[in-house]
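From first to last, the protein sequence lines stand for chains W and V. At position 83 of the first sequence (counting the first as 1) the number is 83 in my numbering, and the numbers step up by one without a gap. At position 65 of the second sequence (counting the first as 1) the number is 1065 in my numbering, and the numbers step up by one without a gap.
If you are wondering where the hints come from, they were derived from the structure by calculation, not from laboratory data. Check each hint, because a few of them may be wrong.
[To be verified] Taking lysine-lysine and the DSS-like style, the derived pairs with C-alpha atoms no more than 27 Å apart in a straight line are:
#1 Lys-1055/V / Lys-1020/V
#2 Lys-1098/V / Lys-1064/V
#3 Lys-42/W / Lys-1066/V
#4 Lys-68/W / Lys-101/W
#5 Lys-1064/V / Lys-49/W
#6 Lys-1098/V / Lys-1055/V
#7 Lys-49/W / Lys-1098/V
#8 Lys-1055/V / Lys-101/W
#9 Lys-1020/V / Lys-1066/V
#10 Lys-101/W / Lys-1066/V
#11 Lys-1014/V / Lys-101/W
#12 Lys-1066/V / Lys-58/W
#13 Lys-1020/V / Lys-1064/V
#14 Lys-101/W / Lys-1020/V
#15 Lys-1098/V / Lys-42/W
#16 Lys-49/W / Lys-101/W
#17 Lys-1064/V / Lys-1041/V
#18 Lys-1014/V / Lys-68/W
#19 Lys-58/W / Lys-68/W
#20 Lys-49/W / Lys-68/W
#21 Lys-1041/V / Lys-42/W
#22 Lys-42/W / Lys-58/W
#23 Lys-1041/V / Lys-1014/V
#24 Lys-1064/V / Lys-42/W
#25 Lys-1098/V / Lys-101/W
#26 Lys-69/W / Lys-42/W
#27 Lys-1066/V / Lys-1055/V
#28 Lys-49/W / Lys-69/W
#29 Lys-1014/V / Lys-42/W
#30 Lys-1055/V / Lys-1041/V
#31 Lys-101/W / Lys-1064/V
[To be verified] Okay, the calculated bits of chain W under chain V, using three or more residues with CB under 8 Å as the criterion:
#32 12 to 19
#33 30 to 43
[Claimed, not checked] What follows is a set of in silico ranges between Cβ atoms, one per label pair, in the way DEER data are often shown:
#34 Ser-12/W / Lys-1055/V: 25 to 33 Å
#35 Ser-70/W / Thr-1082/V: 47 to 55 Å
#36 Ser-14/W / Lys-1055/V: 45 to 53 Å
Please read these numbers as outputs of a predicted model, since none were measured by experiment. Every residue, glycine too, gets a C-beta built ideally from N, C-alpha and C.
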Amino acid sequence: AQSVTQLDSHVSVSEGTPVLLRCNYSSSYSPSLFWYVQHPNKGLQLLLKYTSAATLVKGINGFEAEFKKSETSFHLTKPSAHMSDAAEYFCVVTNTGTASKLTFGTGTRLQVTL
Amino acid sequence: GAVVSQHPSWVICKSGTSVKIECRSLDFQATTMFWYRQFPKQSLMLMATSNEGSKATYEQGVEKDKFLINHASLTLSTLTVTSAHPEDSSFYICSARKGLTGSSPLHFGNGTRLTVT
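Chain W with its partners taken away, still in its complex shape (with noise of 0.2 Å):
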């Protein structure tokens, strides 16, 4: 069994300043982990994946995340914002195995003012 976490539905930031989205997750095995991010309207864009490689994975427009296994902890961070990253992010979930399904998370909608 596996499942997501997503433990802020809204996060709200200034333009320029640290975004912390942040995830927790739980699997039977070792899991396979990735960042979606949803504009209004449209499908979901891979932002980075963890696959047992690196913990510190660095994806893309600048968001980078961390897997922390005894934290069973996944956050998403940006150093500075900017007004083009606010959108939907999910967290996702799956294992290795071929018939792996995703488990979303419910999804964090940030928010970024001026």
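Starting from the structure of chain W, add chain V where the hints point.
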């Protein structure tokens, strides 16, 4: 890159008619594609897993006779909403896995907004 094209991006249909949504992987072959439904301000709900050359696997509670899925080639899966009703109005998103294992990320289409009047 890995591009997934979904068409149409929006469609309005009358109650009782059928609507077909196409999902294509443009630059890779996908043996498995997934269809999701997303309600406003909610996460994605997996409807079914589409397997090339075989029957789709539906999630519990999803009517397979209402949501027909065909995956006739390695680059195309279609979802047909049959005898659509207003409660079928939603945002439908497809995705395709480029690799063969669960560690391969999914690549998503831009979604289809279905409105049934």
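Here's how the hints hold up against the structure:
Restraint check: the Cα-Cα separation between Lys-1055/V and Lys-1020/V comes to about 17 Å, which is no more than 27 Å; the hinted pair holds. A threshold of 27 Å between alpha carbons decides the hint, and for Lys-1098/V with Lys-1064/V the separation of about 25 Å falls inside it, so the pair holds. Taking the CA atoms of Lys-42/W and Lys-1066/V, the gap is near 24 Å; set against the 27 Å cutoff, the hint holds. Between Lys-68/W and Lys-101/W the alpha-carbon distance is near 22 Å, which keeps this suggested pair within the 27 Å criterion.
Between Lys-1064/V and Lys-49/W the alpha-carbon distance is near 32 Å, which puts this suggested pair outside the 27 Å criterion. A threshold of 27 Å between alpha carbons decides the hint, and for Lys-1098/V with Lys-1055/V the separation of about 20 Å falls inside it, so the pair holds. Between the alpha carbons of Lys-49/W and Lys-1098/V the distance comes to roughly 14 Å, so the proposed pair stays at or under 27 Å and holds. Note on Lys-1055/V and Lys-101/W: the hinted pairing holds, with a Cα-Cα distance of about 17 Å set against a maximum of 27 Å.
A hinted pair counts as satisfied when its Cα atoms are at most 27 Å apart, and Lys-1020/V with Lys-1066/V qualifies at roughly 12 Å. Annotation: proposed proximity of Lys-101/W to Lys-1066/V holds, straight-line Cα distance about 22 Å (limit 27 Å). Note on Lys-1014/V and Lys-101/W: the hinted pairing is violated, with a Cα-Cα distance of about 33 Å set against a maximum of 27 Å. At roughly 41 Å between alpha-carbon atoms, Lys-1066/V and Lys-58/W are farther apart than 27 Å, so this suggested pair is violated.
Between Lys-1020/V and Lys-1064/V, the direct Cα distance comes to roughly 14 Å. Compliance with the 27 Å bound is thereby established for this hinted pair. Using a Cα cut-off of 27 Å, the hinted pair Lys-101/W and Lys-1020/V holds, with the two alpha carbons roughly 24 Å apart. A C-alpha spacing of about 20 Å is found between Lys-1098/V and Lys-42/W, which places the hinted pair at or below 27 Å, so the restraint holds. Taking the CA atoms of Lys-49/W and Lys-101/W, the gap is about 15 Å. The hint holds against a cut of 27 Å.
Proximity of Lys-1064/V to Lys-1041/V is assessed by CA-CA distance (about 25 Å); at most 27 Å being required, the pair is judged to hold. For the hint linking Lys-1014/V to Lys-68/W, the alpha-carbon distance of about 50 Å lies beyond 27 Å, and the restraint is violated. With a C-alpha separation of about 15 Å, the suggested pair Lys-58/W and Lys-68/W falls inside the 27 Å cut-off, and the hint holds. About 14 Å separates the Cα atoms of Lys-49/W and Lys-68/W, which keeps this hinted pair within 27 Å; it holds.
Taking the CA atoms of Lys-1041/V and Lys-42/W, the gap is near 13 Å; set against the 27 Å cutoff, the hint holds. With a CA separation close to 23 Å, the supplied pair Lys-42/W and Lys-58/W stays within the 27 Å bound. Our distance criterion of 27 Å between C-alpha atoms is met by Lys-1041/V and Lys-1014/V, whose separation comes to about 25 Å. Restraint check: the Cα-Cα separation between Lys-1064/V and Lys-42/W comes to about 25 Å, which is no more than 27 Å; the hinted pair holds.
In summary, the hint linking Lys-1098/V to Lys-101/W is supported, as the alpha carbons are separated by about 14 Å, within the 27 Å threshold. The suggested pairing of Lys-69/W with Lys-42/W is violated, with an alpha-carbon distance near 32 Å, which exceeds 27 Å. Restraint check: the Cα-Cα separation between Lys-1066/V and Lys-1055/V comes to about 15 Å, which is no more than 27 Å; the hinted pair holds. Straight-line distance between C-alpha atoms of Lys-49/W and Lys-69/W comes to about 15 Å, which keeps the hinted pair within the 27 Å bound.
The straight-line distance between the Cα atoms of Lys-1014/V and Lys-42/W is roughly 24 Å, inside the 27 Å bound, and the hint therefore holds. For the proposed pair Lys-1055/V and Lys-1041/V, the alpha carbon gap of about 31 Å is over 27 Å, so the pair is violated. Between the alpha carbons of Lys-101/W and Lys-1064/V the distance comes to roughly 19 Å, so the proposed pair stays at or under 27 Å and holds. A count of 0 residues in the segment 12 to 19 of chain W with a Cβ less than 8 Å from any Cβ of chain V is obtained; the coverage claim is therefore unmet, three being the minimum.
A stretch counts as covered by a chain when three or more of its residues have a beta carbon under 8 Å from one of that chain; for the segment 30 to 43 of chain W and chain V the count is 6, and the coverage holds. Between Ser-12/W and Lys-1055/V, the C-beta spacing of about 46 Å breaks the proposed range 25 to 33 Å. A hinted range of 47 to 55 Å for the beta carbons of Ser-70/W and Thr-1082/V is consistent with their spacing of about 49 Å. Under the hint 45 to 53 Å, the C-beta atoms of Ser-14/W and Lys-1055/V, about 51 Å apart, fit the expected range.
In the structure shown, a violation is registered for the earlier hints numbered 5, 11, 12, 18, 26, 30, 32 and 34, in ascending order.
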